[in-house]
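Asker: Read off the chains here:
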Amino acid sequence: MPHDHHDHAPHSHTGMSPSGHPYRADNDEPLTYWQIMEIAMRELMIEKGETTAAEIARQIDTMDTRSPSNGAAVVARAWVDPAFKSRLLNNASDASREMGFDIGALQLIAVENTDEVHNVIVCTLCSCYPRNLLGLPPDWYKSRAYRSRLVKTPRAVLREFGLDLPDSTTLRVHDSTADMRYVVLPARPIGTEGMSEAELAELVTRDSMIGTGLPRTPR
Amino acid sequence: MIDQVRVKTMMPPGHVRTPSYLRGKTGWIERRLGAFGNPEELAYGRGGDKRDLLRVRFTMGEIWGDTAERADDTLDAEIFAHWLEPVKE
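Keeping their order, the protein sequence lines are chains P and S.
Under our numbering, think of the first position of the first sequence as 13, with each following residue one higher.
Under our numbering, think of the first position of the second sequence as 55, with each following residue one higher.
The set of hints was computed from the structure by calculation and includes no laboratory data.
Be careful, since some hints might not be right.
Lysine-lysine pairs mimicking DSS-like chemistry, simulated, CA-CA at most 30 angstroms apart [as the list claims (entries may be wrong)]:
#1 S:K142 to P:K154
#2 P:K154 to S:K62
#3 S:K62 to P:K97
#4 S:K104 to S:K79
#5 P:K154 to S:K79
#6 S:K79 to P:K97
#7 S:K62 to P:K164
#8 S:K79 to S:K142
#9 S:K62 to S:K142
#10 S:K104 to S:K142
#11 P:K164 to P:K154
#12 S:K79 to S:K62
#13 S:K62 to S:K104
Using C-beta positions, here's what the derived DEER-type ranges look like [as the list claims (entries may be wrong)]:
#14 P:T126 to S:G88: 39 to 49 angstroms
#15 S:D120 to P:A69: 24 to 34 angstroms
#16 P:D93 to S:E123: 30 to 40 angstroms
#17 P:R36 to S:T63: 42 to 52 angstroms
#18 P:A66 to S:R124: 45 to 55 angstroms
In silico contact screen, one side only, chain S against chain P (beta carbon under 8 angstroms); selected entries [to be verified]:
#19 P93
#20 D120
#21 E123
#22 D127
Glycine included, each C-beta is placed from N, C-alpha and C at the ideal position.
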């Protein structure tokens, strides 16, 4: 009785999609308290002439254009230019601006990985992240599991990311508790001598700048 | 000379940027960051007088005791000066 089965009718969104994944439910639930608060604040600020809808859309657009490739360019520059690296470690905000990145009021500190030290970033209190340089954080960065476990058992967490630190390496965890934001300056991979700055930037992953990974190694 | 400091154990209500897991723990000043608006005031729309902000480094052994994965690993956090008290050797 094939016509009795309506689950797989062409326009039915129950069951599995043609690609074998469950359909995502429509978001028909009511707005939360904080969603209503955000809409009310936004509408009030537009009514009072503090901002405009177009300006808000422009800011969202600007944030969406920021990506880990901005940070990768900064890291690659530090790998090839010792004077720039020194300026980066002294004041990462100014060094990023020097490369032409619009990071706004971001107060950035770069922490350097060496043979002896590995650094990793977390925000236990919320989800502070160097967004104005790297764009939006990955979802796991904001999870309670990452935020609580990284300060207690960081080595176990890094192993889950595929990074098994030797006991001879000192691990430094940085909790972004207040006004600073952090970016890890990973160590330049071996076998990259002679590579151009642009080629080096291709090796720098988002996770390597959070400290949950290492840069790629050249093929 | 290392500036040793202890995080105060007070538990005030409100928007506080000092994590509970560091209260009562002793570390040393890694660097001084300058003065920033007090978040405990700013969060409630008040002026937020400028307070000194410091990066304090703790050993994992100090924070977690025997359950630390490796006692010499460290944790750095930004703590406002009014949350810190000096430690006399």
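Asker: Identify every previously stated hint that the structure contradicts and give their numbers, smallest first.
Answerer: 1, 3, 6, 14, 15 and 20
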